[in-house]
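Asker: Sequences listed follow chains A and B, in order. Anchor point for the first sequence: position 38 equals 18 in my numbering, and the numbering is continuous, going up by one each time. The number in my numbering is simply the position in the second sequence, starting from 1, with 5 added.
It is possible that part of the hints are untrue.
Straight-line distance between alpha carbons at most 25 Å, and here's what the computed BS3-like set of lysine-lysine pairs gives [stated by the list, open to error]:
(1) A/76 - B/49
(2) A/99 - A/50
(3) B/49 - A/53
(4) A/95 - A/58
(5) B/67 - B/32
(6) A/35 - A/95
(7) B/49 - A/92
(8) A/99 - A/76
(9) B/56 - A/76
(10) A/58 - A/76
(11) A/95 - B/49
(12) B/76 - B/56
(13) A/50 - A/92
(14) A/53 - A/35
(15) A/53 - A/95
Since the hints were made in silico from the structure, they are not lab data.
Read off the chains here:
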Amino acid sequence: AQTVTQSQPEMSVQEAETVTLSCTYDTSENNYYLFWYKQPPSRQMILVIRQEAYKQQNATENRFSVNFQKAAKSFSLKISDSQLGDTAMYFCAFMKHGGRGVGSQGNLIFGKGTKLSVKP
Amino acid sequence: NAGVMQNPRHLVRRRGQEARLRCSPMKGHSHVYWYRQLPEEGLKFMVYLQKENIIDESGMPKERFSAEFPKEGPSILRIQQVVRGDSAAYFCASSPPSDYLYANTQYFGPGTRLTVL
C-alpha cells in the first residue's frame, strides 16, 4: 500500500521569503502522479502543482516549484516570495497510474498536511 | 466554467437521522470522488464513481454509507442512521474523461461540513 508522509506539522515564514515543505512517499509503482494541494481557512481544496513521475523535469507554477527525487521518493514544494495569502494547510498527495487511456483515474492518497503561516 | 458544486455547505443532523450530500461535477467531467476529512487530518478516500457505476468503494464503510452518480443529476453520498463519529467535512472531487491529457487531476468542491448532535 502507498503511504505519504509530511514530517513538518507546522512551519512559518516571513513575507517575501522562501520556504520549502517536505513530502516523502512509499510505493512500489513506477508510474504515478504527485500533487500539492492547499487548504486555506475557507477549507476549499485548491490544486497548487502536479508532477508526472515519468517526467524528470521538476514542475513549476509561478512562485511554486517542486523538487522531485524519484529514487529517494521525495517531493518537496518550494514557495518563493511568500505572500500572506499563502497561509494555509498544504497537503501532498499520491495517485498511482491506472494504465488505461491517456490519463489514469484513481484515488488520491494524502499526507497529514503542513500548516504554513506567512508572517508580515 | 463553474467549478465543482457541493450542497449543502453545512448540515446538522441528530443521531439516527439520514444525511444526504450532493455533488455536481465540473462541466464535462465524468468521474466523481468522495473524500472525508476528520479534524486535523488529511483527506481519506471513500468512493470513486462514473455515471451509473461505482468503480472503487474500498474506502467506504460497509454499513450505513452509500453513493450514487445517476445518469442525470448530481452524485449523492448518503449516510443512514448517523452517529457522532460521522461528524466531518466531506469533499467531492471530479476529473475529466480518461482520454483527456490531465485526466488524472482532481478538482475539489468546497466541501460539506456535517455535524451530528
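Asker: Confirm or reject each hint.
Answerer: Each hint, compared with the structure:
no.	hint	verdict
1	A/76 - B/49	15 Å, holds
2	A/99 - A/50	32 Å, violated
3	B/49 - A/53	21 Å, holds
4	A/95 - A/58	14 Å, holds
5	B/67 - B/32	31 Å, violated
6	A/35 - A/95	28 Å, violated
7	B/49 - A/92	10 Å, holds
8	A/99 - A/76	36 Å, violated
9	B/56 - A/76	22 Å, holds
10	A/58 - A/76	23 Å, holds
11	A/95 - B/49	18 Å, holds
12	B/76 - B/56	6 Å, holds
13	A/50 - A/92	21 Å, holds
14	A/53 - A/35	14 Å, holds
15	A/53 - A/95	22 Å, holds
The structure does not agree with the numbered hints 2, 5, 6, 8 stated previously, though it agrees with the rest.
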